[in-house]
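Note that numbering that gives the first Met the number 0 gives residue 404 to position 405 of the sequence shown, counting from 1, and the numbers run on in steps of one.
Just so you know, these hints were derived from the structure itself, not from any lab.
No experiment lies behind these values; they were computed from the predicted model shown.
Some hints here could point you the wrong way.
In silico EDC-like cross-links for lysine to aspartate or glutamate, where the CA-CA straight-line distance does not exceed 16 Å [claimed, not checked]: (1) Lys130 x Glu543; (2) Lys846 x Glu543; (3) Lys377 x Asp471; (4) Lys469 x Glu167; (5) Lys675 x Asp627; (6) Lys786 x Asp804; (7) Lys547 x Asp175; (8) Lys349 x Asp707; (9) Lys377 x Glu489; (10) Lys846 x Asp866; (11) Lys130 x Glu212; (12) Lys469 x Asp160; (13) Lys188 x Glu174; (14) Lys168 x Asp482; (15) Lys874 x Asp732; (16) Lys874 x Glu861; (17) Lys796 x Asp818; (18) Lys481 x Glu167; (19) Lys307 x Asp627; (20) Lys666 x Asp758; (21) Lys557 x Glu543; (22) Lys672 x Glu752; (23) Lys301 x Asp328; (24) Lys646 x Glu717; (25) Lys188 x Asp175; (26) Lys774 x Asp818; (27) Lys166 x Glu543; (28) Lys377 x Asp235; (29) Lys672 x Glu746; (30) Lys168 x Asp328; (31) Lys480 x Glu167; (32) Lys240 x Glu449.
Distance windows between CB atoms, simulated [unchecked claim]: (33) Gly719 x Lys477: 38 to 48 Å; (34) Lys72 x Ser191: 38 to 48 Å; (35) Pro334 x Phe671: 21 to 31 Å; (36) Pro334 x Val248: 42 to 52 Å; (37) Glu493 x Thr255: 37 to 47 Å; (38) Phe671 x Ala149: 56 to 66 Å.
All residues carry an ideal CB built from backbone N, CA and C; glycine is no exception.
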Amino acid sequence: MSSNNLDRLRRTRNEDLEESYSEQMRNMRDSGKRVRTLSDSDDDLVPEKQPRRDVEFSSETKQMKKVGGIGAKLLEKMGYKPGEALGKSKQGLLEPIALTSVRGRHGVGHSAGEALARDANVVWDETVEEKTVEETPIWMDPAEYSVREAVVDQLRSGMKDWIVVGKEKLALEGEDKYCEENLLVELLKAKSVFDHLSTKDLNEARQRANPYETIGSAFFQNRAAMKTANLDRIFDWILSKEESDNREVKNPVDPTAKPQNVDRNAPIFYFADVCAGPGGFSEYMLWRKGFYNAKGFGFTLKGKDDFKLVKFQAGAPEFFEPYYGVDNDGNVMSPANIASLREVVERGTKGNGGVDLMMADGGFSVEGQENIQEILSKRLYLCQFLVSLSIVRPERDGVPGGNFVCKLFDIFTPFSIGLIYLMYIAYRRISLHKCHTSRPANSERYIMCEGLTEEGATIIREYFTAINNKLDEIQNVKSKKKDFTDDVMEIVPESVIYGDSAFMNYILEHNNRLARRQIQYLNKYRVFVKNSGQIDMDQTHLRENCLKYWRVPDLPKKRKNDRDRDSPDQAFGRMCGQLLSWDSLGGNPKEFSESILQASDSFARVAQYYYCAYTERSLPSVFVTLNDGTVFHRGMEDRYWNRYDGKIKIARNSMFLAHTTFRYQTKNHQVFKAKKILRIVDAANLAGDNVSKLAYPARMRAAKKFCDVLEQFGNTVEGGTELVAAEVYSIEDLGSVEFQVKSFQNEMIALIEDPSASDASLLQVHSMRVVNLLKDQFDLCWSRSQKMLYVSHRQGKMKTTFLNDLRSGESEAFTGFWDLLATKKRRGNGGQDDSQDKQLLWRWAQKIQSTSSYGPQAIVTEEARDDGATLNSLKEQLNGEYERLNCGGASFIGDLFRK
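Assemble the whole structure, with the sequences as input and the hints as a guide.
Given below as structure tokens:
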């Protein structure tokens, strides 16, 4: 291994340890209580004590012989006589205390010292281990239809009859119904050896003994992200739903390759991250999906274990929305919190029916009680499962349901097995697996659930809710009666579980297999504790091969100085993508006239123009977000950038054309301003995705998806500004839009419905931006044989291509973002305007002090005007083109860019 790699591994490990240490010290300060840290024990800093030289023992008589010194004189004064013990009744030890290597804070002769005394001669036999890169999870056979129906029917008829309450049990001894008894006993015994060992010694041994330890967190904020990467890969990308081609383009393993957003037109991927602060699961998912293709909902306890979005190294935190329930504490065990989370996700997924994936990673400190972690976590298991049945998208109309992955610990008790059995009924299939990134000596494992069923989202969910309510009731009684010891012990009759042989065989095999592996690595840790010179020599190549197999680039973490804020000019230059000075931007757009559409025999004069409503009198400004999320804006005639003062969250590395405007509402025939919004009318970069060379409608479709992913549903900020994307219309679409003409502040104004609003809000139309879809040397034509639009170059310099094949990607034929903005008269061009119909402005506002009646009323209601276009005249012209081309009036313009 090269010295550079060794240096990098050492730096990464030191940084992780430093971060962990700092976090624990903060926790100690916050709680006011002492907590165990990695530096609690100073054993390694203190030399081992050497035998006293003023006293020696005879091997034959086991008696102490005086060789001089104060110690011997003091013993004589206390009445010591050779061959006798000290004490009033001579009850002291006669035999000398055996020389041991003291561990932790325990005294000489303690049992922990005997079991774990340092011994450099103890060596671990690595041939007993199986170290692999690839893993093959085992899926449980799906529940038979008759079994699923029988369980659901019994729950429908009397679900509370299945809840068995008894006296709580705080030990795993005897829980051998779902694991071999000898393995359970041996496992508990192997765990108990470490009860008296310091955290420092155990952590050091684990770091040397675990073959997968140096994988660490890679370039993510913590190890949870790498667990997700591990699980995603070995379960054949079931978590991220990524296809191989798209995955490699969006997130290339080669760090020199440039990521590309090939999922720009794919539906938004919705996921939820529950009990998973600080957010490593979500960071991986946002990175893997890339750009603005995923939206995450987070739910976890507030406080020290909260989501730490500022530490996201890879994924964009702006596309993740933490929520803490109606109680505002993030307690997943609260029935009210679960209900409110379900409501937020239902609104946030906008008709998707729920999230496509839920991940849960709940856990809490069980220091000193590791052997009963399962019992202490029983309600946490239940509530995480209940949330999944509440917010994951169920199977409907033949579309498979969403998926769920959750961390578990031991699963030996009837309660835990009952939960897993019901998840086996609620989902199409499940798997229990312990991945490589889960440390092999602990009890951690994951349950993977694929395809939520309708029964799971209804009947099983209702039953889990009843169990949680019962546990809540018991907890309330316990808080008042300290001697109350009732608990829910079983939730599925043993006869039902035992009657399903496939399920039982799977559980037994899984528990036995994991118990054997855990015992093996507990024994390995024990050897490495005794012999501090041992290290697993396979760590380096396993790390490299695992990252390669999981398709994760081998990159270092970004340090704070790598994320320092840049300036607006630097951000503009970085995202512009071409040599372009600000002075070349702007200029006054040409006035739109119907005659422009009639200037050629080509069908392009009708079909290649698209419209976007401007809702303010002034022209929009360019907005940029820096790499720390700060937003700046600048008008075309402004000399400086100004910081945007609206309360808004926009993904970093974005640049677009927008204006601040208002939504309107009507009440009692009166029009009034309702809400402030920032409205995008064109886009160049969206979260690092360069869309500037796409067709104008495709750019705006990407901007709409970008805004949808940024939208907040559970954390509304008072006085906050909402980011929305303007609707783009073809002539065909424009003819179907419903316009209203109202009086507002003694002026007639045109209003249209705002499709981005959840209520019946309206937007004022001050003017229409008219954009030529194609550059000047290209035409849009109609193929009579194929009944499709195609693009051709006037001088034959480009192959004739159907518009269907171009609509989603870049093309040299499309008028780009910068082509529309760089329209100012150029000094080197004889002062000539270089715009040539690229961008036109159709003014709707009534001109002040004008005798002309041309304005909103005329544009919306009249058939035709000599002094300007109307909606009806445009529609008439479109119909004329339909007849001329014998299209049969088919819809073929607007549909191209709505798909």
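Of the hints stated earlier, which fail here? 2, 5, 7, 17, 21, 27, 28, 30, 35, 37
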